[in-house]
Structures are given as structure tokens and as C-alpha cells.
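Produce the complete structure using the sequences and hints provided.
Residue numbers (my numbering), protein chains in the order written: chain C, 64 to 269; chain A, 64 to 269.
Careful, some of the hints might be misleading.
Put simply, identical chains are the same to the list, so a pair is met inside one copy or across any two.
No more than 16 Å apart at the CA atoms, straight line, and that leaves these computed lysine to aspartate or glutamate pairs for EDC-like [what the hints assert, rightly or not]:
1. K255 / E225
2. K197 / E246
3. K257 / E225
4. K121 / D226
5. K197 / E111
6. K197 / D211
7. K114 / D226
Calculated directly from the structure, the hints in this document are not laboratory data.
2 protein chains.
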Amino acid sequence: MSNHFKIAILISGRGSNMNSIIEAVKKGEINASLDVVISNNPEAKGLETAKEHGIDTKAFDLNSYTSRAEFDLAIIKFLKPRNIDLVVLAGYMLLVGADFVSAYKSNMINIHPSLLPSFIGRRPHQQALDYGVKLAGCTVHFVTEGLDDGPIIMQAAVPLLEDDNEASLAARVLKEENRILPECVNLIVEGKVKFKRSIRHEKSIN
Amino acid sequence: MSNHFKIAILISGRGSNMNSIIEAVKKGEINASLDVVISNNPEAKGLETAKEHGIDTKAFDLNSYTSRAEFDLAIIKFLKPRNIDLVVLAGYMLLVGADFVSAYKSNMINIHPSLLPSFIGRRPHQQALDYGVKLAGCTVHFVTEGLDDGPIIMQAAVPLLEDDNEASLAARVLKEENRILPECVNLIVEGKVKFKRSIRHEKSIN
Numbered sequence: 064m065s066n067h068f069k070i071a072i073l074i075s076g077r078g079s080n081m082n083s084i085i086e087a088v089k090k091g092e093i094n095a096s097l098d099v100v101i102s103n104n105p106e107a108k109g110l111e112t113a114k115e116h117g118i119d120t121k122a123f124d125l126n127s128y129t130s131r132a133e134f135d136l137a138i139i140k141f142l143k144p145r146n147i148d149l150v151v152l153a154g155y156m157l158l159v160g161a162d163f164v165s166a167y168k169s170n171m172i173n174i175h176p177s178l179l180p181s182f183i184g185r186r187p188h189q190q191a192l193d194y195g196v197k198l199a200g201c202t203v204h205f206v207t208e209g210l211d212d213g214p215i216i217m218q219a220a221v222p223l224l225e226d227d228n229e230a231s232l233a234a235r236v237l238k239e240e241n242r243i244l245p246e247c248v249n250l251i252v253e254g255k256v257k258f259k260r261s262i263r264h265e266k267s268i269n
Numbered sequence: 064m065s066n067h068f069k070i071a072i073l074i075s076g077r078g079s080n081m082n083s084i085i086e087a088v089k090k091g092e093i094n095a096s097l098d099v100v101i102s103n104n105p106e107a108k109g110l111e112t113a114k115e116h117g118i119d120t121k122a123f124d125l126n127s128y129t130s131r132a133e134f135d136l137a138i139i140k141f142l143k144p145r146n147i148d149l150v151v152l153a154g155y156m157l158l159v160g161a162d163f164v165s166a167y168k169s170n171m172i173n174i175h176p177s178l179l180p181s182f183i184g185r186r187p188h189q190q191a192l193d194y195g196v197k198l199a200g201c202t203v204h205f206v207t208e209g210l211d212d213g214p215i216i217m218q219a220a221v222p223l224l225e226d227d228n229e230a231s232l233a234a235r236v237l238k239e240e241n242r243i244l245p246e247c248v249n250l251i252v253e254g255k256v257k258f259k260r261s262i263r264h265e266k267s268i269n
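Written out as C-alpha cells, the structure is:
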């Protein structure tokens, strides 16, 4: 795959959302090249999948670095010469630090499995079940300094069922994640969506 | 209209959500009687509409009472002999105090025009626009002591459009309010939904 618009994907596990982007690229629905897939987990199943699709992969082991900042810098240093146009956090379970955000400001997106601003942070499905909402969902947003706080690109709602548990809800939401993440990547590749701070961000800056 | 299940509706304005309940009752979709419509605003357009449908109405003017608690007690005293089974806050713009909540515990519902727990309180549409969400919506919930905090019965999502403002978004969400509020009333009338504290409420009690 070679193309002028280059995407890097960061994963931590099996990479289901990564797969949905790979599929969309293979089908020609996204006119970009998947330059590299990075994981903080050398054992991530998604790294194997990426390799099978002929995509470069790289694992960074947090234990090999003295700090999270050093770890992030190693990834940035690795990515820099690759001239990446868009970094996609697709089930990447680590918080991206300030240096990383600043290096890919307005060119990094994340998918969070809740209807933000509800249920920020860890275990959003369990948070949704505990709260007792009737609609859960997922959100694709640009990454900023705040946790799950950047400008929102797309959201999808998913009904909760009577006997849902964390796993069943997560599986149902994941289907919507797999649908909207490639759509959002495509909107960015085609220049139809650009990073723009929302009013609350402007307020917090001024 | 006479029936064993008696509903009181509280409004503050034109009573669009009240209208949707009146329609559902007239169509026989809700097997209950609308016993009375109450407003904190003697000028509320909805009082006229209710009268036209032959429903008792009553206005309580906050200025005639020494405190919000006294005001609430007057409403409770008025409602008590009517043996109301369900109180519906349908665009009632005042906070219901502790005495009122306690008098109709588990038999009072409210509709809030946001996907709770997002955008609690005042001007939820403007809050949603300022935040930059892509899905807004509305929530029907049982009324508890906390603001917009009770167990959720139903939620509906509404997409935000590119050029939405507070008024256009409010109008679009209102259509969904008009749809789900009568549905929720009917579920309660039919005994299919009962007040049940969610895990977060149990946690906050224990």
C-alpha cells in the first residue's frame, strides 16, 4: 500500500477497530495507506493481523523505559521520519502524554466506547450499566490534552438490553465502533473534517 | 375521562409534552384518565389547551407563597384528595422539592432534553452545542431528590446538524420527547415499568 496520505494505528489488543480500517482501505473506501501499526503490548493479537496484511508493525514495551514520557518520545521518534498524516488510537489502552498530543496536534483521533461526555475514562460500559442509562454508544474524537475530551467527530448510540452485562454491551457497542471509526478516518483523509476546538475548549483557553 | 389510573401533569408553558399525553389518552393508547393539569405559571398556554380537552386545571403562583416549600406543600395538599397514581413533569420548569418527591416517591416522572447523565440542569441544548456532541437527545426518568438524577426509563437520540442553534435543536429533540413521554406513561400505567433504584443510587445510600 502506498499513498500520499499515511496513517499510523496504535492498538493494545486484538485490534478489532484496526481491522475495520484495514478492511475499508482494502475495499478502496479509504484512499490512504496504512503505514504502521504500533502496540504498547508486544503480545497484542492485532500486530499479527497487521503483519498478515503486509503492514509494518512495531511494539514498544513500557517496561523498557524509565517513564511514560520517555516511552511516548520513543514512539514519536519512531513515527517522525514516516511523515504520518493521521494517528488513530484504536483501542490503545494507554493515555497519550502531552508531548505526543503536541506532536500530532489536530492529527490524532481516538475512539471511546461511550456517548461522551458521559462515562469518561475506564470501564465506560460498566459505568453505563451502573448508571442505568438506556442508550450507550461510542464517540470518535480528536485527541487533546484532556482525557476523552477532544472535539467530537462522530457518535453512535446503542440501546441497552434488559439482561446486558459489561461483555454483551461492549460487544454490541464494538459493532458501531467498527462502523464509525473508518467513516471518520475517511472524512479526515478526504479533508471533510478538520480539527476545530469547540466552544468549551475556547472558553478554557481564553 | 374516568378511569382507575389517574394522572396529574405539571407544566410551565405551552405544554407540548402534555399534548402528546392527551392525544395518546384520547386515542386509547394510554388506558388512564388525565385528572388535572397544574402550572406554576397562571399564563401557561397549556392550561387553556387542557381546559379545551375538558381536563381540570389549576395554577399555583409562586409569588403567593412565602417559600418554595410552602408552594410545594400547597400543590401536594391539592393533589392528595385526588388520589393521583402518577405525576408527570412535562416541561415543568421548577425544581420539585424534597416534600413533593417524598409524597410521590416512585410515582413521579420527568422528561429532560438531554442524554443524561450528559448536560444536567439548565439549557441542555446550549450545553450540548457548546460541548460539540454529535448526538443530543432526551431522557424520561423517575424523579428523586437529585437534579435530573432518578432512574432512567427511556432515552432517545437525535443527531445534531451542521447549522443547529439552540432553537432548532430544541425543536428536533422535542419531537422525540413527544414520542417517548407517552410511551413511558403507558409502560407505567400497564405496570411494565416500576421504580427501581440503579446501582449508583444503592451505592450512594449504603
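**Q.** Broken hints, by number
**A.** When the structure is compared with the hints, numbers 4, 5 and 7 turn out to be violated.
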